[in-house]
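**Q** Next come the chains, spelled out residue by residue.
There are 2 protein chains.
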Amino acid sequence: MSNTQTLSNTETDSLNNSYFIKACRGEPVKKIPIWLMRQAGRYLPEYQKVRKGVTFLELCRSPELATEATVSAQERLNVDAAIIFSDILVPLVPMGLDLDFHEQKGPVISNPIRLPNDLERLSFDKITDKCPFLFEAIKQTRKRLQNHIPLIGFAGAPFTLASYMIEGKSSKNFIATKILMHDYPEAWHTLMTHLSDVLITYLNKQIEAGCQAVQLFDSWVGQCCRNTFLEKVAPYTKKIISGLTKNVPVIYFGTHTSHLIDDMITCGETVIGIDTQTDIAKVMSKYKGNIAFQGNFDPILLFASKKTIIETTTNLLNNVGHIPGYIFNLGHGILPETPVDHVLTLIDTINDWSASHL
Amino acid sequence: MSNTQTLSNTETDSLNNSYFIKACRGEPVKKIPIWLMRQAGRYLPEYQKVRKGVTFLELCRSPELATEATVSAQERLNVDAAIIFSDILVPLVPMGLDLDFHEQKGPVISNPIRLPNDLERLSFDKITDKCPFLFEAIKQTRKRLQNHIPLIGFAGAPFTLASYMIEGKSSKNFIATKILMHDYPEAWHTLMTHLSDVLITYLNKQIEAGCQAVQLFDSWVGQCCRNTFLEKVAPYTKKIISGLTKNVPVIYFGTHTSHLIDDMITCGETVIGIDTQTDIAKVMSKYKGNIAFQGNFDPILLFASKKTIIETTTNLLNNVGHIPGYIFNLGHGILPETPVDHVLTLIDTINDWSASHL
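These protein sequence lines map, in sequence, to chains P and U.
Position one of the first sequence corresponds to residue 1 (this note's numbering), numbered consecutively onward.
Position one of the second sequence corresponds to residue 1 (this note's numbering), numbered consecutively onward.
Please note that a few of the clues may not be correct.
Okay, derived cross-link-like pairs now, PhoX-like style, lysine-lysine, Cα gap no bigger than 20 angstroms in a straight line [as the list claims (entries may be wrong)]:
1. U:139 to U:246
2. P:105 to U:169
3. U:105 to U:22
4. U:22 to U:307
5. U:169 to P:286
6. P:232 to U:307
7. P:205 to P:143
8. P:172 to U:169
9. P:286 to U:286
Honestly, the hints are just simulated from the structure, not real lab data.
Since we're looking at a predicted model, the values are computed, not measured.
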């Protein structure tokens, strides 16, 4: 399963037998593996220290700083996997989009694509050659992580990336995206095909550089109805997953996807990411043995009392923790204002549950 | 089924046999009944005219202006039902909340409730006595509407109202609401009980004043997971619906509710409102004959080309239009920037489909 020639046999064995990778394969484990989406984020003092004096994009583009953000978060939380510090929008910059991150507003693209002809000004050629910092960060991070801690690479899925390219920012209604999808189906197909091709290379290179798994973030795909997903989104997700050359676990994740889960599961991924609202017990009971499952804990509950965190975590684990192939995660990323000690309570609760139940 | 003593037998018969009311009862109709959430809204020149020179709340509180907004929208669109012009937040003002509407930001409550003790400063006594304008508007509107056009009353459901009372505005993450729900279950129960009691009277008075049906808008309930919905939301919805004294159709609606639909349907409503993302054909195939269905058309598609509007509407109707008990509506309210001629194209398409298929 492992990949880079720089890994020793011992390291490869250790990673192959890690809680996270075993759970991805649906194998029983002695401890529920844990990682948290956006675990290296603004809520964490270790992250704030790394981020000091540089912009968000500068941090993404510095292999040293990205490595430090990745490793320090994994070590601080003592979680079972690291995810390389980057952003799903990073590959849009070499395509010709002017991307900036505002502290409050989030990502802003000053020259979003609008009409179908706008596609012509984008470049999809050798995009990954223009992101050497990412692969270098992966190499450095792999060297610094302990032998039994897998490193996850990632990319935005084409629908979600396209929505940013078209809307120019986080969107509420996705008006321009839906217009392009429905009124200009050929332009949509062209854009999604280009993005898929770029993403295959982008993910393969992350795996080659040292990632033991990859996650496709289709964060906003839940905006699509089933027919739109099947016709205009799923074919590209499938294409990407089947285009990965090494046999590493692939996680496919989106939010507000209850109505799409059955179809998302047919896209070929190893692990399905479950949002906060979806009835995970129902999904796991239907698909256990066929796929692994990740997520579902509501990140908003990290703002509630520790008592609530312990109760809701225990309820979740009592429901699904005994089923092989479950990876603990949130239903969406940690918010910047989340209290760190609440996150540590969450992790302690899961580990305590594992110790007494597995 | 009808109600007010001011209605003649002819009117009552005509309303009872209207397309909308028949579809609510699940009976076959010769024409798919149509109404659109927020049909009397900012996108409409008729509305802009009524709104000129008054604030949004002044419009809600003027029986004459609210009547004009309600009737002019129904007439302009020539739809099969009117919904009284008001806002779900109107009853919060006499409870002691300082409500204002900002043109861009939407509703803002300057004194939201935060801690459980904050509940004590709210009043839940004789709230409906302090909203006489609404019942007067209903009376005037009923007189002006044609005999075959039912008038729909409405209220926000308690979860959605509570979320505004707690967050003070439209929320993205519902942090304060979820903290109250989970950390202070007794305070939550008290709040939901008070709101339910107020809403029973509020809806009963709307029915007495001349409404032939009512809709409960639980717009943000989709944020809840299934367990939270069952434990902390559904009991109050059920209480309200069972507390209505006249036997008029009740529509229960929320957005992003795919994971809750099965449980929402058990709340006792006559009609389930279907959001944009839910697979309506699947829901209707499962529950047809037991309940009626409303909605599902994506309001964002009204920004696409007329060709797209015609195609997507026709696809929806080909899927579900033959099943008795379907009321055409959107999956959420019309947006302010929606082109009126696109809305008219939508309505023409549905009526053409009815003429050739029913």
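**Q** What hint numbers does the structure not satisfy?
**A** 3, 4 and 5
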